[in-house]
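Q: Hey, can you work out the whole structure from these sequences and the hints?
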Amino acid sequence: MSLIHLESVSKIYRVGDQEIRALDQINLRIEEGEFVAIIGPSGSGKSTLMHLLGCLDTPSSGRMVICGNELTRATQDQLAHVRNQEIGFVFQAFNLLAKLDVISNIELPLIYGGVPSAQRRERARKVAFEVGLGDRLSNRPPQLSGGQCQRVAIARALVNNPRIIFADEPTGNLDSATGLAILGMFDELNASGKTIVLVTHDPAIAARSRRVIEIRDGHIVREYKP
Amino acid sequence: MSLLFVFQIGIREIAAHKFRSVLSMLGIVLGVSSLIATMALTRGIEEGTRTFMQQLGGLELVTIAEKNPSSLKMDFANLSSGLTLRDAKVIRESASLISHVSPEILIRSLVSSFGSSGTRERRTIQGIYPDHFVIRIHQIGAGRFLSDLDVQRGSRCVVLGNTVATQLWPDVSIESIIGKTVLIGTSPFEVVGVLDFYQSEEQARVRRSGKTSMRWKWDPFRVKNEAVLIPFTTLFHEFRSGSSSSSDEKPDASKPNASTVPKKSDATPESNKRNDSIDSIKLDALIVRVRDLDYFHPALDQLRKLLDITHRGVDDFDFETREDWFDRVESSVRAARLSGGLISAISLVVGGIGIMNIMLASISERVREIGIRMAVGARPRDIFLQIIIEGMLISLIGAFLGIAASLGLIEILKLISPTENVPVLSWDGVLFSVVFALLAGLLSGIYPGLKAARLDPISALRYE
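As you go down the protein sequences, you meet chains A and B in turn. Numbering follows the numbering used here, in which position 142 of the first sequence is assigned residue number 142; successive positions increment by one, without gaps. Numbering follows the numbering used here, in which position 411 of the second sequence is assigned residue number 411; successive positions increment by one, without gaps.
Simulated from the structure, these hints should not be mistaken for laboratory data. Treat the hints with care, since some could be wrong.
Said to hold, decoys possible - In the DSBU-like style, the derived pairs of lysine-lysine whose C-alpha atoms are separated by at most 30 Å in a straight line are:
| # | chain 1 | residue 1 | chain 2 | residue 2 |
| --- | --- | --- | --- | --- |
| 1 | B | 67 | B | 89 |
| 2 | A | 99 | B | 67 |
| 3 | B | 89 | B | 305 |
| 4 | B | 451 | B | 67 |
| 5 | A | 99 | B | 451 |
| 6 | B | 73 | B | 89 |
What the hints assert, rightly or not - Simulated restraints, written as ranges between beta carbons of each label pair:
| # | chain 1 | residue 1 | chain 2 | residue 2 | range |
| --- | --- | --- | --- | --- | --- |
| 7 | A | 176 | B | 350 | 55 to 63 Å |
| 8 | B | 463 | A | 77 | 41 to 49 Å |
| 9 | A | 140 | B | 7 | 17 to 25 Å |
In this text, a Cβ means the ideal position worked out from N, Cα and C, and glycines have one as well.
A: Structure representation (structure tokens):
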């Protein structure tokens, strides 16, 4: 079975008595080791798809299996477990905890994964060195540049050794040079075997992936290899 | 997620908002300190009362008091001669459940020392039997108690309370007072014993620390320290049997005095008249001691039956037991504790509401943080636990501050409260208030915790 498997998945929001089909009968398979970009204008449903794939939400209908977990009607606890074990997130706004230093931010997923303290520090430090932040461990996010913050976020996404990395506009808050460096890191990660799902509205960034899925009005309208 | 880590997050969160946290703790601080202080106060009253009771004798004591007979028996109330020495003798001979019987008669008279510069004061003189020393829990400091022989012979000897002795002969050790002569009215008595000095632990503590009592107050030990005790028979023959003017009348005066035996039994033979006159004397107090507390009520029944006979069916007597007294004291202590506890409980509840308020403000400030934690794998219950622990930490710190405050409060109360009721810090009170404070923290964390745990991770992440 594929790493990500969606079968006629719909997501419907109700606003008042109006029904909004954010996703409509989506079928999608993503295999292990792929580098996929999901592209589309704002309001197209790409964020909703990303939230479903990232196990932050469950579909209104259809079948969803992620990393072998049947999540069609999952509880919050099940979703949290998959997020913790199989998925790493990188957000546009970094979403670091400003009160914690770099190393504590990186080890956050390990805490909820129940990893013992000493092992936690060890792994967080190792990942921090991998993303080039070995000298910044005790700084706090407000003291870091945007690029450094996104490295911290990537390190946090990697620390649990997940199978999938989701990146939601990871370069949106960065200047182009720093953005390129971050994208380079995703290339490297993909080369080392991680499955990467990148959400963007920018075709130029999508072009760095191996497979582009274009989404519009809740439907997949086009799929191509750049 | 390890509990230790949750505690770390909680402490960091509290430390990050010190002023806010202290404000929210305030209710708990007040509640805990007032709860502990109230419990210390009531404990102090309880202990003060208990030492007082112990000095007066325990639960085994029953005071037989006179009362007006019931209206049904008013018509033949004259048949009873009231509470007399005969009652005491009958009880001693026949009431098997009673171990000690102490009849007492009192006079007030001037007491002075013979050939000394000591005080000359009007005091209460008690005529007693040796059982008195057991019932009143006296300890002899020097010399001896009065004996049965003293009572039989009507000898002119006296046992003095410590205060009386030292006032009569200042600057002299109590041992050397033995054998000296005391004048009661104009009659000389030989001092055969001096009692121990009685004081409460608190008084002893004050005395040792060199401070003198700042003001006079009623002292349960004072009565015992000012005792002047002579044999029952001596007091009777010396001061009661004759007319009031002839206080120096000899004890062996054989002429019967009609005035002291107003309701003489017609069945008494003439030859017993002298004894009869003393037997018919009205007692000022009759106290008995029950042999075994397990048979307390049977003993009362036995007493009642005996006295019904000697009083010819007139119910002009009543029993005052310490039980009633204990019950009364206990119920008032309970009432004090309840009202104090209630006030403290209310302030703890208010404190809990304060914490809840702060927790609610805190989570709405941290929605995004909660979203991030959820995104990296925190389960709703992890978030809930974090909020609950934070609330409990705030209340726990508040409780410790409250304990510290209460220690100060108790010291202040010690300065202003009467010495026999000095507040006593009770550790179960401390424990109780900590538990109560934790409970308040726990309850106040539940609603904010649920609210935080039910946040939708997506909207929480988007929250600005």
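Q: For every hint, state whether the structure bears it out.
A: Each hint, compared with the structure:
A threshold of 30 Å between alpha carbons decides the hint, and for residue 67/B with residue 89/B the separation of about 20 Å falls inside it, so the pair holds. Between the alpha carbons of residue 99/A and residue 67/B the distance comes to roughly 80 Å, so the proposed pair goes past 30 Å and is violated. Distance hint between residue 89/B and residue 305/B is fulfilled; the C-alpha atoms sit about 15 Å from each other, no more than 30 Å. For the suggested pair residue 451/B and residue 67/B, the alpha carbons sit about 70 Å apart, so the restraint of at most 30 Å is broken.
Distance check on the hinted pair: residue 99/A and residue 451/B sit about 22 Å apart at the alpha-carbon level, within 30 Å; holds. For the given pair, residue 73/B sits about 25 Å from residue 89/B by alpha-carbon distance, which is consistent with the 30 Å threshold. Separation of residue 176/A from residue 350/B is about 57 Å and conforms to the stated range, judged on CB atoms against 55 to 63 Å. About 22 Å separates the C-beta atoms of residue 463/B and residue 77/A, a value inconsistent with the hinted range of 41 to 49 Å.
Taking 17 to 25 Å as the suggested C-beta distance range, the pair residue 140/A and residue 7/B conforms, at roughly 21 Å.
When held up to the earlier numbered hints, the structure conflicts with 2, 4, 8 and fits the remainder.
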